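Trainee: Listed below, chain by chain, are the residues.
Protein chains: 2
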Amino acid sequence: MPKLWNETIEEHRRAVRDTVLEVTAALVAEHGLRGVTMSRIAEGTGIGRATLYKYFPDVESIMTAWHERQISGHLQELAALRDRPGSPGERLTAVLEAYARIQHRRRGHDAEIGALLHRGEHIAHAEQHLRGFVGGLIAEGVAAGEVRDDVSPHELAAYCLHALGAAGGLESGAAVRRLVQVTLDGLRPAPA
Amino acid sequence: MPKLWNETIEEHRRAVRDTVLEVTAALVAEHGLRGVTMSRIAEGTGIGRATLYKYFPDVESIMTAWHERQISGHLQELAALRDRPGSPGERLTAVLEAYARIQHRRRGHDAEIGALLHRGEHIAHAEQHLRGFVGGLIAEGVAAGEVRDDVSPHELAAYCLHALGAAGGLESGAAVRRLVQVTLDGLRPAPA
Numbered sequence: 001m002p003k004l005w006n007e008t009i010e011e012h013r014r015a016v017r018d019t020v021l022e023v024t025a026a027l028v029a030e031h032g033l034r035g036v037t038m039s040r041i042a043e044g045t046g047i048g049r050a051t052l053y054k055y056f057p058d059v060e061s062i063m064t065a066w067h068e069r070q071i072s073g074h075l076q077e078l079a080a081l082r083d084r085p086g087s088p089g090e091r092l093t094a095v096l097e098a099y100a101r102i103q104h105r106r107r108g109h110d111a112e113i114g115a116l117l118h119r120g121e122h123i124a125h126a127e128q129h130l131r132g133f134v135g136g137l138i139a140e141g142v143a144a145g146e147v148r149d150d151v152s153p154h155e156l157a158a159y160c161l162h163a164l165g166a167a168g169g170l171e172s173g174a175a176v177r178r179l180v181q182v183t184l185d186g187l188r189p190a191p192a
Numbered sequence: 001m002p003k004l005w006n007e008t009i010e011e012h013r014r015a016v017r018d019t020v021l022e023v024t025a026a027l028v029a030e031h032g033l034r035g036v037t038m039s040r041i042a043e044g045t046g047i048g049r050a051t052l053y054k055y056f057p058d059v060e061s062i063m064t065a066w067h068e069r070q071i072s073g074h075l076q077e078l079a080a081l082r083d084r085p086g087s088p089g090e091r092l093t094a095v096l097e098a099y100a101r102i103q104h105r106r107r108g109h110d111a112e113i114g115a116l117l118h119r120g121e122h123i124a125h126a127e128q129h130l131r132g133f134v135g136g137l138i139a140e141g142v143a144a145g146e147v148r149d150d151v152s153p154h155e156l157a158a159y160c161l162h163a164l165g166a167a168g169g170l171e172s173g174a175a176v177r178r179l180v181q182v183t184l185d186g187l188r189p190a191p192a
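Protein chains in written order, with UniProt numbering: chain V, 1 to 192; chain U, 1 to 192.
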């Protein structure tokens with residue numbers, strides 16, 4: 001069955017949008033936020049400037065859209081790890097390791113871009129979502145006797161996610177793994 | 001002996017500066033950064049506008065100066081706790097508790113002010129200084145057998161300071177103390 005016209009349009013739009021996000025992110029990574037203009041993006045994507053403006057009003061809005069897409073990709077990756085087979089402790093370890101690696105990859109991001117992107121509401125939502133979901137996994141760990149029960153899962157989730165933020169300043173993957181281990185050690189039940 | 005003219009001038013300047021910082025911080029806390037003008041600060045301090053401009057070019061620079069003063073006050077407070085008598089573990093606990101309380105007090109800060117103040121270079125310097133000094137205390141703890149020795153003091157300091165950043169989102173002093181305990185548990189030497 002041939003595709004409906006609307007579906008084709010929709011697919012085309014999504015492809016254009018994705019291209020704009022990719023090209024802009026690459027240009028900003030290379031030249032910094034201030035070094036990238038809409039004209040340059042139009043040139044890099046091969047889309048006319050007038051068309052580009054139908055998608056996004058400015059470079060900042062493109063970077064915000066790019067960042068939202070990155071974040072939802074990360075949340076999906078973490079949710080997939082949570083839903084794998086294994087004990088709560090194993091799945092928690094897998095989720096926290098992946099989260100720490102994501103923080104580590106973000107290191108050296110231009111401070112200017114960081115300040116821009118972290119102002120957005122989508123970040124607050126994503127953080128809340130992530131904290132809820134790590135808290136749920138921790139609660140499963142408590143029920144299984146793998147995680148301490150003297151502090152609420154909600155508070156422990158905040159502890160984990162903040163502690164793993166340190167991965168952004170670490171030099172190596174080995175250091176990131178040590179950080180995850182230290183953080184997990186803080187979750188252990190007190191010896192009986 | 002009567003004071004030298006220069007000393008009197010210097011004292012007067014410092015007093016004016018301190019007054020401007022206090023009044024501005026109070027106004028910004030009440031009305032937000034955008035709700036405060038240089039005229040309003042002049043009025044609040046009883047200093048003429050022309051004189052105020054001899055001290056600071058704008059509201060942002062006043063808030064930056066205020067924040068620098070806050071930070072150096074915090075660093076002095078933490079250094080005093082570090083230098084008290086006690087085992088390294090006890091002093092580390094005292095320093096980390098005080099740091100967590102500082103983070104906790106900062107909660108609810110206007111995001112706009114936070115973004116402004118955290119862009120400054122003085123923050124990067126203060127964080128580096130703090131990390132070095134907590135790392136030194138952790139190294140003493142390792143030497144005393146009170147802190148794990150399988151991860152470098154430098155990495156453990158980054159872990160602690162990030163983890164305690166979670167205090168900014170906690171509701172109560174009791175939750176802050178639990179966070180400090182969980183964070184310290186991550187530093188414990190592995191059971192022999």
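To be clear, the hints were calculated from the coordinates, so they are not data collected in a lab.
Every value quoted in this text rests on a predicted model; they were computed, and no experiment measured them.
Just so you know, not all the hints are guaranteed correct.
Not the full set, but computed from the structure, chain U residues with beta-carbon under 8 Å of chain V [stated by the list, open to error]: (1) G44; (2) G48; (3) R49; (4) D58; (5) L81; (6) Q128; (7) L130; (8) E155; (9) A158; (10) Y159; (11) A166; (12) G173; (13) A175; (14) L179; (15) T183; (16) G186.
A few chain U residues that don't get close to chain V, going by computed Cβ distances all over 10 Å [said to hold, decoys possible]: (17) D150; (18) H162; (19) A163; (20) V182.
C-beta: ideal position from N, C-alpha, C; glycine also.
Trainee: Look at each hint and say if it fits the structure.
Mentor: We went through each hint and held it up to the structure:
For G44 of chain U, the shortest C-beta to C-beta distance to chain V is roughly 29 Å, which exceeds 8 Å, and the interface hint is violated. Violation of the interface hint for G48 of chain U is found here, the shortest Cβ-Cβ separation to chain V being roughly 35 Å, above the 8 Å cut-off. Evaluation of the R49 of chain U hint against chain V yields a violated restraint, the C-beta minimum of about 31 Å exceeding 8 Å. Taking 8 Å as the C-beta contact cut-off toward chain V, the hint placing D58 of chain U at the interface is violated, the least distance being around 19 Å.
Because the beta carbon of L81 of chain U sits about 22 Å from the nearest beta carbon in chain V, more than 8 Å, this interface hint is broken. Proximity of Q128 of chain U to chain V is violated relative to the hint, the smallest CB-CB distance being about 10 Å (cut-off 8 Å). The interface hint given for L130 of chain U is broken, as the beta carbon of that residue sits about 13 Å from the closest beta carbon of chain V, more than 8 Å. At about 6 Å, the closest approach between the beta carbon of E155 of chain U and any beta carbon in chain V falls short of 8 Å, and the interface hint on this residue holds.
Evaluation of the A158 of chain U hint against chain V yields a held restraint, the C-beta minimum of about 4 Å falling below 8 Å. With its C-beta approaching chain V no nearer than about 5 Å, Y159 of chain U sits inside the 8 Å limit, and its interface hint holds. Proximity of A166 of chain U to chain V holds as hinted, the smallest CB-CB distance being about 4 Å (cut-off 8 Å). Here the hint on G173 of chain U is broken, as its CB sits about 13 Å from the closest CB of chain V, past 8 Å.
The closest approach between the C-beta of A175 of chain U and any C-beta of chain V is roughly 6 Å, which is under the 8 Å cut-off, so the hint is satisfied. Satisfaction of the interface hint for L179 of chain U is found here, the shortest Cβ-Cβ separation to chain V being roughly 6 Å, below the 8 Å cut-off. Among the interface hints, the one on T183 of chain U holds; its C-beta lies about 6 Å from the nearest C-beta in chain V, closer than the 8 Å criterion. For G186 of chain U, the suggested interface contact is upheld, since its CB lies about 3 Å from the closest CB of chain V, less than 8 Å.
Not every beta carbon of chain V lies more than 10 Å from that of D150 of chain U, the smallest distance being close to 8 Å; the non-interface claim is violated. Against the 10 Å criterion, H162 of chain U falls within the reach of chain V, whose nearest CB is about 4 Å from its own CB. The claim that A163 of chain U lies off the interface is violated: its Cβ sits roughly 4 Å from the closest Cβ of chain V, which falls inside the 10 Å cut-off. For V182 of chain U, the requirement that its beta carbon stay farther than 10 Å from each beta carbon of chain V is not met, with the minimum near 5 Å.
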